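Engineer: In case you want the letters, here they are:
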Amino acid sequence: MAEKATITLLTDFGLKDPYVAEMKAVILSICPDATLVDITHEIPKYDVKMGAYLLDQSVPYFTGRTVHLAVVDPGVGGDRRPIAIESGSAFLVGPDNGLLIPAAEKLGLKHVYQIENLLYLPSKISRTFHGRDIFAPVAGHLARGMSPINLGREISNYRKISFPKPKITSRKITGEVIYIDSFGSIVTNISAKLLDQANVKYGATLKVVWGKIRPKRVKFLENYSLAQTGTLLATVGGGGFMEISTNRADAAKKFKVRRGMKVEVSL
Amino acid sequence: MAEKATITLLTDFGLKDPYVAEMKAVILSICPDATLVDITHEIPKYDVKMGAYLLDQSVPYFTGRTVHLAVVDPGVGGDRRPIAIESGSAFLVGPDNGLLIPAAEKLGLKHVYQIENLLYLPSKISRTFHGRDIFAPVAGHLARGMSPINLGREISNYRKISFPKPKITSRKITGEVIYIDSFGSIVTNISAKLLDQANVKYGATLKVVWGKIRPKRVKFLENYSLAQTGTLLATVGGGGFMEISTNRADAAKKFKVRRGMKVEVSL
Amino acid sequence: MAEKATITLLTDFGLKDPYVAEMKAVILSICPDATLVDITHEIPKYDVKMGAYLLDQSVPYFTGRTVHLAVVDPGVGGDRRPIAIESGSAFLVGPDNGLLIPAAEKLGLKHVYQIENLLYLPSKISRTFHGRDIFAPVAGHLARGMSPINLGREISNYRKISFPKPKITSRKITGEVIYIDSFGSIVTNISAKLLDQANVKYGATLKVVWGKIRPKRVKFLENYSLAQTGTLLATVGGGGFMEISTNRADAAKKFKVRRGMKVEVSL
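In order, the protein sequences belong to chains A, B and C. According to the numbering used here, the first sequence is numbered sequentially starting from 1. According to the numbering used here, the second sequence is numbered sequentially starting from 1. According to the numbering used here, the third sequence is numbered sequentially starting from 1.
Please note that the accuracy of each hint is not assured.
Since the list gives no way to pick one copy over another, a pair counts as held whenever it fits inside one copy or between any two copies.
[As the list claims (entries may be wrong)] Below, simulated DSBU-like cross-link-like pairs (lysine-lysine); rule was C-alpha separation at most 30 Å, straight line:
hint, residue 1, residue 2
1, Lys207, Lys172
2, Lys16, Lys212
3, Lys45, Lys16
4, Lys219, Lys207
Hint data in this document are derived by calculation from the structure and do not stem from the laboratory. What you are looking at is a predicted structure, and each value in this text was computed from that prediction instead of being measured.
One chain only, chain A, in its complex shape (with noise of 0.2 Å):
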């Protein structure tokens, strides 16, 4: 018997449907003792970006034995492969589209499988819900102890998606809004690391431009309240990222920002 297992849980099937709920059953019918946490069933329908981004951003906080099961899957049922990832001390599930990549990498991938063995999944499988047939009853089968290697052979030649780097000059930095927050905080691609080495310190005045809004002059703070309430600045969230954030307000909302649009912080 393996250590208490939880299971993570990222759709993009949203709570008003039962599709979640379903998954969930598959999963303790085969390891009753998992504990299931869900990340979030709100990625925008058919984003794997979206989904790969979030599913990066919670993985690591998961330190025990995990397996993390993703779906976000327009190409259910074609001749996308499904997967499982085993990367560090966790697993990682679902359709190979990309979606699973980045926190695989980001945990320390090892191996890739593409899952095949028929014996490990129910006698109907849906062409059109993967996520309980397939990926759920395999999240459950490897949270119970199960090696992996079982699945299918090892494949190397997974879809790989990765985020945008920023760049840097000595005059400014170039990056990009990974993500907007139900705050309306603009998070961004550049990192805190990289701010420090381009000697950014708490308490500088930033120059943002983002799209093609004219510059906005922004403090660089370390924590929203120190800003007036309503005023603009730059802090560093939760994340280890740059973000753009309005004291009590929506951010994004106000200026009007979408995810994609260019951040330049000149130095």
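Since chain A is already given, all that's left is putting chains B and C on it; use the hints.
Structural biologist: Chains B and C in isolation, oriented as in the chain A frame:
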């Protein structure tokens, strides 16, 4: 000590209010080992039929010792009775308004009991929240291993509801839109089995009519990704019923399809 | 080894972002056996008072060993202190902004500790996400059985908030709309006990005024279904307070009632 049990929860309470958490607190105070699984709390308010449909869809996937607690209960505190049902190896607990019946029948309805034994209920029972004060404690006791015969008399005049059945002639199948999911898939009550009996094969072109909208020609395909993005298709959804979808777009919104609309498939 | 503990979570984080899951990951890394129960994550952003109200409503139903983790924290990273409270047999963990106090007082507040011992915290603490980096690990350690005296000094100058109390004269009760739930029920701060003291009996007709809207005559009834569909009624909600509702319709929306409005009940 009975085997570890799962308790599922389905309500029209939403997740903004603390009502679901209060039910879980009561359950855990009686059965601390129960695994709690939310089916959904986003049933449209008071929509008993929709609750019955989603409960019916979900229950087959829970295979271990399970208690299904469902509360869509506009008649709370009035003369509708609280009931508990033994079905197969599962129990269902909720109001006697039909909500539990389709699921209970699918699992193999054995006995329906009126909940009347105050021994298993808190000393103070509100008249407006039986989910917390009657159904949750009963679910907790059943999960812990109590026999349902302790709850009260067995009844047979419980309230039933059923779902419309499709009609089939030599020329067409006439069904109904029974659910629209969060992807905008238009789920009908026409089962894959019925399509098979009518000799409808993957690749066929179906003529589909709903409401007063003029006929659409849609291909019957094995999965969403076989249609071009934005193109209407018919397929078999995860529940085993024909659904009309659009690859990567919201078919129900685009065609203004609502639940209850008639769907005709010409053969 | 302590008895299996429940950890509840209440935040204004919503469920779109991975923030709640990151907190759960940290908790499970410290206390893998904890049962996690979400109270709600849909507190309006930064609304400490609403968070305090819903926490206060929920806590009495958790009767076993419980740690309540609550984060509505606009002052994160500033000079507001992180605190842990021992109340009855439960603990409460969160920011020192009043959020925890009404619930803690209801459970029987014993000791309030400032969290300052770095031994129980991760080596790297972000300045913008104490929910994950301070409150979650402390909740995990308390759930595991650690004594709160290890966290830091006991304090008495913690920040308090309280809810408005109704006024009663011989002719009327003057209360306030304290919450509007997802059914549109208008929950007041007038308790069933107060109505009883004022000799208000079920079946009575009350004259209710809110804001500047002219008086409504509403019947005080034992449950929603005793009123005709769409008709306004007064009843006692699940929390034990008078609420004004409409049978099967949204009373708050129909009458444009908002939280904080004065409610007068003529006797």
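Engineer: Which of the listed hints are not met by the structure?
Structural biologist: Failing hints: none at all.
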